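A.B. asks: Sequence:
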Amino acid sequence: MTDTPNIGIERNGAVATLWMDRPERHNAFDEHLIDAIDRGLQTLGADDAVRVVVLAGRGRSFSAGADLDWMRRAADYDVARNRDEAEALARMLRRLAELPKPTIARVHGAAIGGGLGLVAACDIAVASEKAVFATSEVKFGLIPATIGPYVLRAIGPRQAARYFLTAELISPAKAYEIGLVHEVVAEDALDATIDTLVQALAQGGPNAQAESKRLIRDLDGQTIGDALIADTAARIADIRATDEARTRLDAFLSARRAKDAR
Numbered sequence: 026m027t028d029t030p031n032i033g034i035e036r037n038g039a040v041a042t043l044w045m046d047r048p049e050r051h052n053a054f055d056e057h058l059i060d061a062i063d064r065g066l067q068t069l070g071a072d073d074a075v076r077v078v079v080l081a082g083r084g085r086s087f088s089a090g091a092d093l094d095w096m097r098r099a100a101d102y103d104v105a106r107n108r109d110e111a112e113a114l115a116r117m118l119r120r121l122a123e124l125p126k127p128t129i130a131r132v133h134g135a136a137i138g139g140g141l142g143l144v145a146a147c148d149i150a151v152a153s154e155k156a157v158f159a160t161s162e163v164k165f166g167l168i169p170a171t172i173g174p175y176v177l178r179a180i181g182p183r184q185a186a187r188y189f190l191t192a193e194l195i196s197p198a199k200a201y202e203i204g205l206v207h208e209v210v211a212e213d214a215l216d217a218t219i220d221t222l223v224q225a226l227a228q229g230g231p232n233a234q235a236e237s238k239r240l241i242r243d244l245d246g247q248t249i250g251d252a253l254i255a256d257t258a259a260r261i262a263d264i265r266a267t268d269e270a271r272t273r274l275d276a277f278l279s280a281r282r283a284k285d286a287r
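The working numbering puts the sequence shown at residues 26 to 287.
Check before you lean on any hint, since a few could be wrong.
[Stated by the list, open to error] For lysine-lysine, the following DSBU-like pairs were computed, each having C-alpha atoms within a straight-line distance of at most 30 Å:
1) K164 with K126
2) K199 with K238
3) K199 with K126
4) K199 with K164
5) K155 with K199
No wet-lab data here; the hints were simulated from the structure. Nothing here was measured: the structure is a model prediction, and the numbers come from that model.
From just these sequences and the hints, can you work out the full model?
C.D. replies: Here it is in structure tokens:
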């Protein structure tokens with residue numbers, strides 16, 4: 026376990042759990058937590074020994090979104106400083122979304138505002154039956170701008186229109202129904218469910234997973250035409266020639282031949 030102010034990083038083999046560690050504030054964002062998460066993700070993203078990153082929160086909540094004291098201070102900042110701090114949050118969310126390895130959100134308790142954005146930015150989200158979600162920004166005269174791209178990607182513009190505008194609470198069952206989370210489980214089954222996902226992720230090639238994430242980002246919203254067909258053909262051709270693909274294909278074929286020979 027490596028603890029720094031606002032976060033802790035726990036390593037278990039090839040799995041790293043990044044714990045948000047402001048339990049007394051329900052892991053609400055301020056400039057310090059945003060910076061700590063961003064730095065933690067940078068470190069884990071560059072570490073070849075890490076295959077999967079789990080994002081979690083200590084205490085009663087996953088993350089209650091923006092710290093209201095921080096938001097009150099920000100109201101007195103000039104436009105330039107407000108933009109700098111908003112861009113820091115946007116960069117952190119993008120780093121999470123584009124991390125070159127699989128990410129899993131471990132959601133218990135509240136995931137509100139920016140906390141919901143973290144969930145949407147992860148590749149996979151597993152929620153406890155006791156979790157609760159909301160995009161609450163409009164209640165405070167704000168908009169869910171920095172989290173918007175990731176929430177729209179997860180639930181689509183039609184569902185986003187409802188929840189961005191009403192700021193109503195979203196139950197775990199509804200979060201599953203609209204595509205915000207992939208699994209809803211009993212709280213005491215949260216870690217076992219994540220372990221099962223980790224085992225499945227461990228079967229994939231690290232480079233192939235990173236390129237699969239990039240493929241999803243690049244294909245999203247594209248029209249199927251000659252340029253896209255050429256691009257996808259080039260991608261599969263290029264990755265076939267990598268050492269990872271050769272090694273894994275040879276191992277699979279050798280195992281199949283051995284099985285057939287029995």
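A.B. asks: All the hints need checking, so say for each whether the structure fits it.
C.D. replies: Do the hints match the structure? See the list:
1. K164 with K126: Violated. K164 to K126 sits at ~35 Å, over the 30 Å cutoff.
2. K199 with K238: Holds, at roughly 26 Å.
3. K199 with K126: Distance ~28 Å between K199 and K126 Cα, so the pair holds.
4. K199 with K164: Holds, because 21 Å separates the two Cα atoms, which is no more than 30 Å.
5. K155 with K199: holds, 13 Å
Violated hint for the displayed structure: number 1, the only one.
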